[in-house]
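**Q** Sequence:
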Amino acid sequence: MKIVLFGATGNIGKVILDEALARGHQVTAVVRDPTRVASTHASLSVVTGDVGHPESYAQVLRGADAAIASLNDHADPANVPKQAGLLLGALTEAGVPRFAWVGGAGSLEVSPGVRVIDDPHFPDAWKPSANAQIAALDVFRASDAKVDWTYISPAAELAPGERTGAYRLGDDRLLVDAEGHSRISIADFAIGVLDRIERGDAPKKRVTFAY
1 MKIVLFGATG NIGKVILDEA LARGHQVTAV VRDPTRVAST HASLSVVTGD
51 VGHPESYAQV LRGADAAIAS LNDHADPANV PKQAGLLLGA LTEAGVPRFA
101 WVGGAGSLEV SPGVRVIDDP HFPDAWKPSA NAQIAALDVF RASDAKVDWT
151 YISPAAELAP GERTGAYRLG DDRLLVDAEG HSRISIADFA IGVLDRIERG
201 DAPKKRVTFA Y
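Using UniProt numbering, read the sequence shown as starting at 1 and increasing by one per residue.
Keep in mind that the hints are not guaranteed to be accurate.
Claimed, not checked - Taking lysine-lysine pairs in the DSS-like style, the calculated list, with each CA pair at most 30 Å apart, reads: (1) 127 to 82; (2) 146 to 204; (3) 127 to 204.
Simulated from the structure, these hints should not be mistaken for lab results.
Could you put the whole structure together from the sequences, leaning on the hints where they help?
**A** As structure tokens, this is what we get:
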């Protein structure tokens, strides 16, 4: 597949990039600073672009089979839902059929009507980014864009770790293991992201992965 990746220099995005290349996909990474892309591969192209300016990457979307975005803006979290809207519009305009967005875990339910972010122990420092991703999910759900988007929430704990190839797939509920922990390695999360892109089995839905 021809995949356009936004956010390839982030902690999650660079692992998604390597997973996509390892599977034999042709990847175009759209980044603001190409020197920060550590990977080199015959199937990788790096293009300078800014998500906030669709004209900077509109051309590379033409003919793509899918796009993936792993974005965050700690300096101004309000940019995140704006980026979601801009990408949905640009992908629709270019005719890209599939889109995976790496979202947050804060909107996952721990019980009916109660979200992860509603826990009184949820760190205040995380709330701006979590609320931005919640707003992005609202953008997706309200959109009539003609692209099969999938909003992907990680487990509560997403960290570097072993690539086991195993994960459970859920929807709007936080997945926990037998001990009550919700976790997944970034490597296995990346596997889940590429699985959704390849299979196209979660169109216009939110999904989550955990062990």
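**Q** Taking 30 Å as the top limit, are the C-alpha atoms of residue 127 and residue 82 close enough?
**A** Holds, at about 18 Å.
**Q** Given the hinted pair residue 146 and residue 204, is their alpha-carbon gap at most 30 Å?
**A** Status holds; Cα separation ~10 Å.
**Q** For the pair we were handed, residue 127 and residue 204, check the Cα-Cα distance against 30 Å.
**A** holds (25 Å)
In summary, this structure violates none of the numbered hints.
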